[in-house]
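One line per chain: the protein sequences are A and B, in this order.
Just so you know, the first sequence maps onto residues 1 to 379 in the numbering used here.
Just so you know, the second sequence maps onto residues 1 to 647 in the numbering used here.
Hints listed in this document are in silico derivations from the structure and should not be mistaken for laboratory results.
Backbone N, C-alpha and C fix where the C-beta goes; we use that ideal spot for every residue, glycine too.
The reader is advised that the hints may include incorrect statements.
As the list claims (entries may be wrong) - Which chain B residues face chain A? A few, computed with CB under 7 Å, are given here:
1. Ser11
2. Arg14
3. Gly23
4. Gln26
5. Leu28
6. Val30
7. Leu33
8. Ala34
9. Gln41
10. Val42
11. Arg49
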Amino acid sequence: MSYLEYAVKTAPTGFRKIFHLNWAVALLLASVAGVGFLMLYSVAGGSFTPWAEPQMKRFVVGFVMMIMVAMIPIWFWRSLSGLAYLGTLVLLVAVELFGTVGMGAQRWIDLGFMRLQPSELMKITLVMLLAAYYDWLPARRTSHPFWVLIPVILIIIPVLLVLRQPDLGTSILLLAAGGGLMFLAGVHWAYFGAVIASGIGLVTAVFQSRGTTWQLLKDYQYRRIDTFLDPSSDPLGAGYHITQSKIALGSGGWTGRGFMQGTQSRLNFLPEKHTDFIFTTLAEEFGFVGGLSLLGLYALIILFCVWSALTNKDRFSSLLTLGIALNFFLFFAVNMSMVMGLAPVVGVPLPLVSFGGSAMLVLLLAFGLMQSAHVHRPR
Amino acid sequence: MKKTRAENDISHRRLSRRAALLGGAQLLFVGGLAARMQYLQVDQADQFRLLAEENRINIRLIPPSRGEVFDRNGLSLARNAPSYRIVIVREDAGDVDAVLNRLSQIISLDQETITRVKDEMRRSAPFLPVTIASDVTWDDISRVSVNAPALPGITPEVGLSRVYPQGSDFAHVLGYVGPVSDYDLSKIEDPEPVLMIPRFQIGKVGVETKLEPLLRGKAGAKRVEVNATGRVMRELDRREGIPGSDLQLTIDAKLQGYVQARLDGESASAVVMDCDTGDLVACSSAPTFDPNLFVRGISSKDYSELTANKYRPLASKTVQGVYPPGSTFKMITAMAALEDGLIGPDDTAYCPGHLEVSGRRFHCWKRAGHGWVDLETSLKRSCDVYYYDLAVKVGIERISDMARKFGLGIKHDVPMSAVAKGLAPNMEWKAQTYGQSWRVGDTVNVSIGQGFMLASPMQLAVMTARIATGRSVEPRLIKSIDGVEEPVRGGEPMGLNENNLRKMRKAMFEVVNDRRGTAYGSRIIEEEMRMAGKTGTSQVRNITAAERRAGVIRNEDLPWERRDHALFVNFAPYDNPRYAVAVIVEHGGGGSKAAAPIARDITLQALYGGPPPVEAYPAKDRERITEQQERLRDAQPQVSVPGKDQA
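Work the whole structure out from these sequences, hints included.
Written out as structure tokens, the structure reads:
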């Protein structure tokens, strides 16, 4: 065995691990974040304050944390899965009890230096726990009802807690991420068929319950659904977001109005222009070409993650990587669908681009796990 | 649970399959998003771009600056002066209460204002200015400016507002402007957008409203970029408006000021007309008011004072007020008879003090009668019976036609408010109005300017000017528009016998200059300036037979409202008429006593272009006149403009 062959076949140690990071994903993440800085600079009217500068600082911190997480062997993280899940669950309950109320919902705990949203954290720890669970579970038992019920319970508990906050968007994302992982692990098709069928039933129930005493959603959630279905019914009220967002997007055209030339976002026609609706600014200023480029970057991140997962022989690592990629996908897919008028406004930020610390840190942490799985893959 | 190698392989293969499936689904979704993006940004780009422009661009009107008004010598009568107001912007002020509190220590603010300001601020967007005080003085503005650091969010602003520097002198001619009211808008079909500008000023009365379209100009516009809350971000482009036309009136402000001061204290009006051109050189109605009060919004106290005044300051008596012309109408009756050839100038009639006409007895003002009178004497001494006799012979139709020929009973085209038509009655009119046939008695009444006959001071001035020149002079108020002279209208010969006219003028000359003339006391001594005129005293009540028997009550003993109107019309100089003057003093008593002296003063003032030398007056009047000139010299129009020096 030559030295070279030995080095490839065994996991790298020490600082040499740096060279074995999945640099393609890391660079793609950095460029997406770069687009974010550009847009935050633009919506602030050509100023680093109040958004671009703190966002950049947080990204640097998050990026360093990602590398640090990647340096620690993946089996260490796997052993922490259960603990992490339980910890996050405790935080979710804590939010319920002591959380700060913001925008009509209890979502975060103020840690002093940052505001932590346990529901964000839950997206990662849930994926970790499920990956560990299916790594441990023998393949032949995957579709056994009992062994299916356990992960379902593990998913449902945080989903219900988040729904209580109330945060419909995140709870749906949690449900989708958990379900996706079960699908990847090989749970039988029939279960998913049943869930989809009952999902349709639930939607019907939600609409049927409207106005009755056992109404399942809050009024504002119904209104959001209403305006999503017909935004023009209330163009200056609840439908304002979607209408204005489509106007800004559409007025971008092929190549956009040019950097810092977007009129709609700069003139405050766009709500939440620096957070949930930041994509409209990009689309207005850089047009179809710009929007498609960002979409391409996102798609590449997914592709590299899926490729990394497929080439990794460790089951936990594969599932974890795919789960994180799925989470990431759900993030931007829901956000973009929302601003393009394909989904109701549910308050999901555009990953790495929207202003917001907690979401970005959690996301980079998750990619740290993915990198760790990549670095410490069996050779 | 220990897994076998085979088991691992199976699960790994299944994982790979499912991962590829899910990854594929994700890519498909990304493709869907791209397609949607293409639909919105490429296929529908034009439509959305249009919507975006609508969102962004707002058109704001720039109010045009209103045309200014000058007198015939270029003196400013109405202009636009900067008006200062103090506004507060909530978002800049921070602690509104503290700032308002500090401001109230600098300028006087009552609690009511503070409450109103806070109320308005609560209702409007934080960046919109709310007016705290308008029309503040320059002193207050400078005090606020000096203290600016302690008053965040408070700024002095400047706008244009109408100012009438001659104040009360031109209140009735010019009228005034005021903010557009809902009532104004309801009257206008398809109002111009500029009228929707808050507090935009439009003409309400007088020339200001009659020539509103000329004075207003055309609004400019600017396109501004606004954000979602309507805040102006920047101006994209602007198109300046067209300012309103500048007007020059035929009125001489100096003379107008004199006339106004001379009439002060009476309920009276006077018109001075240029005999040649018909220019209204002065047109005054007393008492008057300060139009500047109305521009800023008159207080209810001031307004009720104006409406409660029995002298009716708001009425424009020169054109709006109609009165029985009394004996000043006798020239018309005489002209009708002369033109018809019914009488010769030297024909005489006997005045026993009354005349029986179809069973009714009509009295002469002089109970004892004038004895034998010819035309000249009848006019000079204002014998009524002579005209009763003429009227019966001539008939109402001819008198009425002659009156219209001299400009009575027709509406003259001058741009003032409520110009009255007056009335030169005939048979048809009475039939239509009362459904009764005309009676000879009616004609007798009209012959001395009583009964149905009604004329405004301006009409009487027109009549006098036409007698003086023999041409159909038309009144003119607007001398030029934007420097372009307005044509003189009318002025063609009336087609009357010049000998008859000369006879009339001679008789009018005798009225003033003959020792037995009714206006002898108001003659002018200066040879070159001597005037010809006619007194008039028109009754506002019927003197009953019982009263006549008991002795007619003297005017001075009657309540003001029931006294006779005093009238005087004249032209001067007699040899070369330049000005025609008509004066009416409401309930002033006899024309020779109450109206003629005023008319003489005005005439001399007009002829000399300023205070005349006392030598023009009869010797016994000179002392009184000197004293009067002293008094009137200092008379200033009421102008209540805050801090006149600021402009």
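Hints and how they fare:
no.: 1; hint: Ser11; in the structure: holds (4 Å)
no.: 2; hint: Arg14; in the structure: holds (4 Å)
no.: 3; hint: Gly23; in the structure: holds (4 Å)
no.: 4; hint: Gln26; in the structure: holds (5 Å)
no.: 5; hint: Leu28; in the structure: violated (11 Å)
no.: 6; hint: Val30; in the structure: holds (5 Å)
no.: 7; hint: Leu33; in the structure: holds (5 Å)
no.: 8; hint: Ala34; in the structure: holds (6 Å)
no.: 9; hint: Gln41; in the structure: holds (4 Å)
no.: 10; hint: Val42; in the structure: holds (5 Å)
no.: 11; hint: Arg49; in the structure: holds (4 Å)
Against the hints set out earlier in the document, a violation occurs for number 5 only.
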